[in-house]
Amino acid sequence: MAFVLRRLVQALLTVFLTLTVVFILAHLSGNPVALYLPVTASTEQVHAMEHLLGFDRPIYVQYAAYLWSAAHGDLGTSFSQNLPALQLVLERLPNTLYITLFALVMMIAVAIPFGIVAATRSGSAADFLGSGVAVFGQSVPVFWLGLVLVLVFAVRLRWFPTFGSGGLSHIVLPGVTLGAYSMGVVTRLVRSSMLEVFQADFLRTARAKGLPHLRVTLKHALPNAILPALTMIGLQVAYLLGGAVVTEQVFAYPGMGQLALQAINSRDFNVVQAFVIVVAAITVLVNTTTDITYGWIDPRVTYE
Amino acid sequence: MDSVRKTVRLATVLVVLVALWGVLAGTAAFSQNAASGTLRIAQGIYPETLNAGRSTVQDTLNVDTQINEPLMNFNYKTHEILPNLALSWKLSNPTTWVIQLREGVTFTNGEPFNAEVAAWNVNWVLDPANKAPLTTDLALVQSAKATGPYTMEVVSKQPFPNLPLALTRLYLLPEKYMQTAGADGFAKQPIGSGPYEFVSATNGQSVALKANPHYWGHAPEIANVTFYAIPQAAQRANALATGEVEMANHLTPDLLPLLTSHPNIAIAAIPSLRLMFVVLDTTKPGPLQNTKVRLALNYAVDKQAIVKDLLRGYGRPLPGQPLSPEYFGFDGTLKAFPYNPTLAKQMLAEAGYPGSALHLEFYAPQGRYTNDAEIAKAITGQLQAIGVQVTLHVFDWGTFITQFLQKKLGPMVFIGYSTQPDADFQLGIVRCGQVYSYYCSTDFDALLNKATGTVDNTARQALYRQADLIMHNTAPYIFLHQEYTIWGVSKTVRGFAPLPDERVDLTGVSVH
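These protein sequences, in sequence, are chains A and B.
Taking the numbering used here, the leading residue of the first sequence gets 1131, the next gets one more, and so forth.
Taking the numbering used here, the leading residue of the second sequence gets 158, the next gets one more, and so forth.
Check before you lean on any hint, since a few could be wrong.
Stated by the list, open to error - So, partial list: chain A residues that the calculated Cβ filter (under 10 Å) puts toward chain B: (1) P1168; (2) T1170; (3) L1197; (4) S1199; (5) H1202; (6) I1242; (7) V1278; (8) H1350; (9) L1352; (10) N1354; (11) Y1383.
Rather than coming from a laboratory, the hints here were simulated on the basis of the structure.
The beta-carbon is built from N, C-alpha and C at its ideal position, and this holds for glycine as well.
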């Protein structure tokens, strides 16, 4: 219980720090007011707009107002769309979650079997193939993979749409692109930790007792080898949410990453802040959940 | 007897034929009137608002103005203002415009359009709380009021001959609905009197419209129109090639070889209102305060080569002034500075910068204009070729424009401006103290102010020509080129013509 409380306090602190850093970074890059006026605008009109948006107040007043509103769940209004920034981000969140979830499922479905096979047949052709795919996934740049997938499967073969969201067909290519890197990381991790566990005394004993190979691998080796992979999978969620920014751009996929990039380009501070906070909150949530799950999977782990 | 029977038979056949022709013609006429088919249009961005009164972004207005139409229209070829919801307009005294409005127009919610509504719209723009960008163009306007059921009076603070042009961007909103739904409610469910009605929007992705069956003007010929947001030009080209959309805008010249070889795609391109420059900061102390240096830089840049090699011909060098023929006030007698590196070098030496004595910082954005960073690199190379030491800094658009507006960049900055097609707007950018201005000349400002208040178009044109000449002789810019607006259009679409302001006019456009 004390652990859970401690973790929650840490989580809140993380979100608060994120709020502050994002605020400072956004305001360092300058005030966006003139961007929202025509090129023929006069200096007086810019000042009037600054006043309207509150940019003429001292920075610490703006910061305090920002924190106060954030504490009340109000992350401000988008300058360009004139709608609550948080609402805009949350509207796009499901789209991003779909491809993230697809990437996550693909990562688990591919990485764990590949890792196991590569480890049990270490040095064989299967290991070579599994490790090869993993290294490829980890080293290929996201934008390049995305472009190639679009060219081959959407433009040439026309199996998938070239842009947009709407159904499973829209999710497959961005999902694969997004998940490739994480899939590589986790495959290699599962492989190496399986190999490590295979050297352990209790496995030698299990084999000496004459247990079948499959049972030794799945029942005895895997639960021990999976722990580091589990942490890694938890950490990958943050990577996937961040990676969605590039992936969504490559696939013209209207998720919150695309929104964030547009907001950065148009200096729509409140939207950028809302995006970062949503990503931070999800990351903190997933990591806290992973930590708690850890103890549940491995009884040796306690948090008292 | 036989001949009578023959005549009757012939007459019967004729009657049947005439009747049949009538039926067929009627059907044909009916099928011409009824809107049919679906048109999918890919643009670069998703509309940041569905309230036409709140945006200046052309992609946004392309969607919004199908729903909310302007008071007047503009003809780029003749520079004429054409009637739309306004039928005629005249000055009753130097500061009062009397505008006669069209009768019998209703918004799609049944709300009638009249002078009350039109005047309310002008005053809505003037109220700063409504954050309507048109307020800058209407800065000289005092107020508007209805003086009859279909007569509106607009009073300005000083003579404002350009009011009708400014009103080509006043998009009429239904007053009562705006008051009940509020600006936010309106943006969710816009209502207008235009050729198309709002159906639905998927945030970030698409806006679906359908033909307005009660439209007062040329009946829309397409039943359903959907605008898609596809950020990258290559992605829009892909969607066009696979038949996922029928039209795509803002295509870049490098994509055209791929598309022109496609059997079902045609390219439609014309010079746009976007003019490209290198801003030369004349306001801060430094070598660029010397006119001779600025003129030398104009001779040192090979505009033709940039257009030919980096834009594949989809560009037009600017004729030595910050205007193109599409703008009122353009001076056709001025010519582009020829590429003459020898003269440029000599002028620099005369100005006190022989050899490689001149060092300039040069800033450019990336991904905003066609091949922007590449063109900036080419300019850098050409200036270095005559001995100028240029350091080029390329920024992402957001960083670039924020710093540019804070006057942190310079003394050379690569940028493009697209305004309403009148010198009042495009030349007005470099008035002293304007947000985008890096130049200040009281003579120039005096000419512009005089022109702004001049009603007679011939006199106004003469004043702008003088202002153009000041620009030509003092060169606050390196005058580069005019960008093209490039559309890819499926051959199933008929009747589409691109416009210089990148507007989508679907009047007379059909899908087969």
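So, going through the hints one by one against the coordinates:
1. P1168: holds, 5 Å
2. T1170: holds, 5 Å
3. L1197: Hint violated; L1197(A) Cβ to chain B Cβ min 24 Å, cut 10 Å.
4. S1199: violated, 18 Å
5. H1202: With a minimum Cβ separation of about 20 Å from chain B (threshold 10 Å), the hint on H1202(A) is violated.
6. I1242: With Cβ-Cβ at 34 Å, over 10 Å, it is violated.
7. V1278: Where the cut-off is 10 Å and the nearest Cβ of chain B is about 13 Å from V1278(A), the hint is violated.
8. H1350: violated, 49 Å
9. L1352: violated, 41 Å
10. N1354: violated, 44 Å
11. Y1383: holds, 9 Å
Taken one by one, the earlier hints fail for this structure at numbers 3, 4, 5, 6, 7, 8, 9 and 10, listed in ascending order.
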